[in-house]
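**Student:** Going down the list, the sequences are from chains A and B.
Under the working numbering, read the first sequence as residues 441 to 553, first letter to last.
Under the working numbering, read the second sequence as residues 96 to 207, first letter to last.
Calculated directly from the structure, the hints in this document are not laboratory data.
Watch out, some of these pointers could steer you wrong.
[Claimed, not checked] Not the full set, but computed from the structure, chain B residues with beta-carbon under 8 Å of chain A: (1) Lys137; (2) Leu144; (3) Gly198; (4) Gly200.
[What the hints assert, rightly or not] DSBU-like cross-link-like pairs, simulated, lysine-lysine; straight-line CA separation at most 35 Å: (5) B:Lys137 <-> B:Lys163; (6) B:Lys204 <-> B:Lys137; (7) A:Lys519 <-> B:Lys137; (8) B:Lys204 <-> B:Lys96; (9) B:Lys96 <-> A:Lys520; (10) B:Lys204 <-> B:Lys163; (11) B:Lys137 <-> B:Lys96; (12) A:Lys519 <-> B:Lys96; (13) B:Lys96 <-> B:Lys163; (14) B:Lys137 <-> A:Lys520.
Don't be surprised by glycine CBs; every beta carbon is placed ideally from N, CA and C.
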Amino acid sequence: SQTIHQWPATLVQPVGSPLSLECTVEGTSNPNLYWYRQAAGRGLQLLFYSVGIGQISSEVPQNLSASRPQDRQFILSSKKLLLSDSGFYLCAWSAGGRDYGYTFGSGTRLTVV
Amino acid sequence: KQEVTQIPAALSVPEGENLVLNCSFTDSAIYNLQWFRQDPGKGLTSLLLIQSSQREQTSGRLNASLDKSSGRSTLYIAASQPGDSATYLCAVKASGTYKYIFGTGTRLKVLA
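Start from the sequences, fold in the hints, and give me the full structure.
**Tutor:** Right under this line is the structure:
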């Protein structure tokens with residue numbers, strides 16, 4: 441069966457520090473991968489998605505970036521965090537093709553101080 | 096641009112009631128619609144996925160319907176229980192895309 445792993449679960453980082461969040465999927469190949477952010481009291485905002493290795497689509501211009509170095513690995517990064525980057529970051533995967541739904545990871549709570 | 100709206104934003108009901116959560120979307124050209132549940136501080140759990148060619152899907156006490164022409168979906172929860180308390184989100188995958196657009200959710204509280 442397929443599983444999705446996301447870590448760390450919580451993170452407290454100072455303003456201006458770098459960020460690296462990792463997401464991996466097991467039990468499938470060539471998944472579509474997604475990064476969402478959920479700010480306090482707000483809806484889910486799609487940040488990046490990828491339909492293949494090395495392919496990244498950016499939805500929101502900001503100081504975050506994403507990479508997909510391996511088929512089942514998706515990384516969210518920042519060189520310098522802002523206070524406004526605080527939030528709940530969720531990784532999701534779906535099978536290739538548009539008929540499939542999402543499966544989400546357990547999320548990372550990021551607090552920038 | 097696809098927009099997804101969920102009404103009501105919050106709902107409080109006594110245990111045992113049957114209830115309906117609503118989801119509206121502006122563009123009827125969709126591949127599918129998915130309902131999720133989110134417990135506080137947790138990730139999203141998939142409840143039901145309805146393809147554009149389907150009218151409804153059922154899982155246990157949950158039933159989701161889809162009316163593409165009117166841009167609406169409902170999630171029916173039968174015999175609600177305190178364990179059903181959570182935020183329920185619907186998400187729509189628009190035609191020509193790989194991504195879901197989410198509603199802002201309905202926060203449900205079932206009172207014992």
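**Student:** So, for every hint listed, does it hold in this structure?
**Tutor:** Going down the list of hints, with the structure as the test:
no.: 1; hint: Lys137; verdict: holds (7 Å)
no.: 2; hint: Leu144; verdict: holds (4 Å)
no.: 3; hint: Gly198; verdict: holds (7 Å)
no.: 4; hint: Gly200; verdict: holds (7 Å)
no.: 5; hint: B:Lys137 <-> B:Lys163; verdict: holds (30 Å)
no.: 6; hint: B:Lys204 <-> B:Lys137; verdict: holds (16 Å)
no.: 7; hint: A:Lys519 <-> B:Lys137; verdict: holds (26 Å)
no.: 8; hint: B:Lys204 <-> B:Lys96; verdict: holds (32 Å)
no.: 9; hint: B:Lys96 <-> A:Lys520; verdict: holds (32 Å)
no.: 10; hint: B:Lys204 <-> B:Lys163; verdict: holds (28 Å)
no.: 11; hint: B:Lys137 <-> B:Lys96; verdict: holds (29 Å)
no.: 12; hint: A:Lys519 <-> B:Lys96; verdict: holds (31 Å)
no.: 13; hint: B:Lys96 <-> B:Lys163; verdict: holds (16 Å)
no.: 14; hint: B:Lys137 <-> A:Lys520; verdict: holds (26 Å)
No hint from the list above goes unmet by this structure.
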